[in-house]
Amino acid sequence: MKILTIARSNLSRFLRDRANIFFVFILPLGIVLLIGAQFGGETSRRLGVSMSDGDPVANAILDNLESGDRIRAIRFDTEAALLLAVERNTVSAGVAIPENASAQIADGENISVGFVSRPDGFGPQMRAIVDQAVATATSEAAAARFATDRGADPTAAAATAARLNGGTDTITIESSTTGDSLFEGVTGRFDVGASSQLVLFMFLTGLAGSAAIIQSRQLGVTRRMMSTPTSPATIVAGEALGRFMVVLVQGLYIVAATALLFGVSWGDPLGAASIILAFSAVGAGAALLFGTLFKNDQQAGSVGVIAGLGLAAIGGSMLPIELFSDTMRQIAKFTPHAWANEAFAELFRRNGTITDIGPQLGVLAIFAIVLLALATWRMRKVITAQ
Amino acid sequence: MTDRPVLEATDLDKRFGDLHAVRGVSFHIDPGETYGLLGPNGAGKTTTIAMVGGLLERDGGQVLIEGEPMTVRTLDPRRKIGLVPQDLAIYPDLTARENLTFFARLYEISGQQLKDRVAKVLEVIGLTDRADDRAGEFSGGMKRRLNIGIGLLHQPRLLILDEPTVGVDPQSRNAILESVEALSSDGIAVLYTTHYMEEAERLATRVGIIDQGEIKAEGTRRQLVQMVGERDRISITANGPLESAVTDLRGMSGVEEAGASDGQITLLVRDASELLAKALETVTNTGASVSSVAVEEPDLEAAFLHLTGKALRD
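Same order as they appear, the protein sequences are chains U and B.
748 is the number of the first residue of the first sequence in my numbering; add one for each residue after it.
26 is the number of the first residue of the second sequence in my numbering; add one for each residue after it.
Just so you know, these hints were derived from the structure itself, not from any lab.
Where hints are given, some of them may not hold.
[Said to hold, decoys possible] Stretch by stretch, here's where chain B covers chain U in the computed footprint (C-beta under 8 Å, at least three residues):
| # | stretch |
| --- | --- |
| 1 | 756-770 |
| 2 | 969-982 |
[As the list claims (entries may be wrong)] Straight-line alpha carbon distances no greater than 25 Å define the calculated BS3-like cross-link-like pairs of lysine-lysine that follow:
| # | chain 1 | residue 1 | chain 2 | residue 2 |
| --- | --- | --- | --- | --- |
| 3 | U | LYS749 | B | LYS140 |
| 4 | B | LYS105 | U | LYS749 |
| 5 | U | LYS749 | U | LYS1128 |
| 6 | B | LYS145 | B | LYS105 |
| 7 | B | LYS145 | U | LYS749 |
| 8 | U | LYS1042 | U | LYS1128 |
| 9 | B | LYS140 | B | LYS105 |
[What the hints assert, rightly or not] So the derived label-pair ranges between C-beta atoms look like this:
| # | chain 1 | residue 1 | chain 2 | residue 2 | range |
| --- | --- | --- | --- | --- | --- |
| 10 | U | MET1075 | B | ASP38 | 37 to 43 Å |
| 11 | B | ARG159 | U | TYR1000 | 45 to 51 Å |
| 12 | U | PHE770 | B | LYS145 | 36 to 42 Å |
Every residue gets a Cβ at the ideal spot worked out from N, C-alpha and C, and that includes glycine.
The shape of chain B in the complex, shown without the other chains (with noise of 0.2 Å):
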């Protein structure tokens, strides 16, 4: 593993006639890193992400994959990316192993290690019993996993999943984020674009908030957080002299604000993950005894509705 970025996105641009769809778009993704590109549907993440898989021609900007530039016209970059896009894109009259074959030999894999490929990414998606039924026979979850699976084929640098979990069941989505949490742990870059804020919470290493075509913030989920002044916050709830405990709370280094009322203590924190036991230490030090604890981070759908001043499902 190499420390420079397996892509790199500079000031993308890109016009449909008068609609600017994606205005100076930069970001990064090094190896083995997730980095999810939130945004409500038409914010531009799709044509960002078919300007960086050279699918789509763009008015400014660079895309480098591993430092070999992508355009439209260059091949040799598409060899590391691994593209799954919005829509199915699979034949539903030929099976699933058909419609790996098929898409893996374009992918110049061939002879054994064509079928051994093959088979592995059929049994990565869990579908190895119904390799030799056709697509079109499948469930939805099926065919998203098929969908994906093709994307794995010659095993990317890069893997490139548009908004994987629309019109998916739970139990398929799931299986689905836990897929991508796989790859990015083997090491395999992730672009992941979605709508739904709590997948990029659970895959994203980070975020990119992105809406009219503008990436408006970017960071991991505690920075955007932060970044707009949300706060976590802490419940404890215990007996004993708790106004004597909230005092001593409210001294503490990191506590912005903390309160007693019905049994419960109440803390707004920067940081609850640093402060949860040093807090728990000085309420128990006050006499009190603890019964439970709960802690609540603010999550990217505030960060999204303060950035944009929408919330992520307009």
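Isolated chain U (complex conformation) (with noise of 0.2 Å):
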């Protein structure tokens, strides 16, 4: 009862703290919805294409180019506006049509259509798409001059080209990758910023909760309790249960927010639920711990923020752990943040359940453990000895 009473003054205070509301509840999913912009925020990437008006081969290959929902095609007057414009990444690539693309075919010449994108990006999986149109919009025009170089009359020759091009069957080039995806299974843009920016945000709200901590002993409080009928151990609790409490309230808010709002997918409740509770109890113990060994909460804020995250970084919440080193994979599992991101990873994109991340859970449960019981012991001698 009295554990509860403590936690919940710790709740209560948190939450009427309005920067706290900013960064619990707010700023979570404004970089949720950031990481999910740069993961695939528009429906359509941007072409620019240079060509010339009027043009028949042009605009078939540009109307091939928009037909489909991948590409919205950008227009430039010139090459060089159109390089620049790939430069500053204000268009994903670009394609260079020729001038007088449709008569230089016709007088059975090759044309030459420019294609340039960044080195990084979405370059390779455009080139794929703009291949396919040039080729749909310049077969019918190859087609009808073959058939005029070999004595057929041009007009006929383009009407049966044109009446064959529409029955015949397409070539389809399909593509196959090796090895793993870094994000198999990943439905949603949301799904992987969500996961990792809950994982950062819960223990980084668990060690600002630590100035919450500080501030009870400097207010003199903590000593107010220590003389009524109520035990040191209790005391330690009821504080460990409220940090707990402030970060599961935020991991709860985040899962229900994102699944709303951004459709993200958490996979097994079960599991997703072990998780949270997991990790929030590593949170409230590292919390806990920091609340003991600072002085003050100033101290204890900076301190946390830099090994909030620097744990996050480490433990992969802002880059992808796929994307490590061995090394870096082999230092991550030092860190609660790779076993719950792996926990994460392992339900929702690989449909696991609770059974499947057992040892991520078993994991996170001894570093709450460890973290507990020496924020306890730190904990105790401090309000002891105050």
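Hey, can you piece these two chains together into the complex? The hints should help.
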């Protein structure tokens, strides 16, 4: 009962701080939205096109490019302007169609359609779309010319080519990849960002909460609690539960909000809940430990932010752990973040269940137990020595 | 009410490294009694009450609360104590009512009793109208009153007040002192530490003068003053045969010195309250007419100076 009283007061005080409302409830969603946008924020990619007006082949290429929902063509007057736009990344790639392309094809000349993209980004995917659009647009003219070259009437050849172009089987290019996909099973563009930011912010909030523990000591309230018939163990448990509740509330909020707003799929609900519970305990333990290691909340706040962001980076909450070197992957295993991220990956990328994430949950539980044990020992020492 | 003291502190001893902060301090407080622990800053007052309140492990001695031993590990005796620390110990971001409710629950008060006690304490400390305002918005005096109110929630047998008026405006200070007087009359034993001599004189039934971790002397104000040889001064302004009156007054038991000049008789006596009526009668019997009387009793400041060799606020 007293444990709940202390924990409830912790939660109540936390939620009254407007800064906390921003950092705990608003900022994480903003970051998830931002990362989601980076992973595929636009439903169509911007492709720059330089071409001359009125050329049938150029128009056909343009029509083909815009026929699907994957490309949004942006017209440029000159090839130089197109190149500049690609360099500045205002378009993902560019296609330069030579002037009088139709006439050149009709004259039996080969035309060269330029394609330019940045070395990073979505160039390769767009190249395939462009190839297909150019081939479709030029095949009809090429076929008519082929027939004309062999003595057919040009008008009849053009009519026949146009008729057959719609009825013949198209060539389908099948692509395949080798090796594991970095984000195999990720169905939504917000999924990766949501889980990694959930882990990052839950831990960060836990560490930020250590300030409240220090303030409680500085205010003399902890000592005053000791003057009531309340044991140090109860006070420590109450403070720990308070931090646990704060972190848990944030975790559940991010899960619910991202699922509702961004359609994030968190996989097996029982598994996701277990990870959040275990990681909340880790966050509470870290908060309590920090709350006993520093004399004032400014120190704890500064070090907490550095530690929170540092561990998140090492643990794969900023950059996917799949992109790490082998050495860094091994180092990441020393952070609770890595285990939580891995557990979430198992759930929503590989449709795992709570059974599948047993090892990760076990490690998180060990992290929580060690942190809480250390923090309890320190806290008892601190509050009884005041 | 039993005859057993509410608090018995015996030979309390505490060291912090080389600093011997409290040395063999002993005192007791009876029900309804206000005991003033008077001493300058750093005298050992706060360390003493921390040991009495079970917040600080002591190196020696014993504390009994109504006969129950109090240590840093015992919880039961804490139900009988209300500790009001010198520094404010409240949550500024909670309202007055929430602060009181929080601590009431830690004192194991619940249900309707909790609501009743919180309402009662808010009334006692004069914060009923501001009950739902955050404590951080209160004036210094209101915060102090809330700080004290928390110590009253569970109707303790012993209220420990550690310099409760430090930094408080005169109006709030007076309100606090009146509250303590009222508590004492309700039968609550009060341990009141202060370095304000006038507070100790006003509130304390008995006073322990503490300096450098030791109780230098203990007793009622009068006992302490007499212990160091201080005397009351009676000044009688009168017309008539004053020299004759002085001669008669010198013959009275309890009068140590008597003299007259400029129409005023001055007497140094052991106890002015006992001798005043008889002295006036003696003066008027000589045919003199008394126009005014003034009595000056030596204060604890003088006793403190005598006992410790320094002024109280040094």
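Checklist entry - Broken hints, numbered, in rising order? => result As far as the earlier hints go, 10, 11 are violated by this structure, in ascending order.
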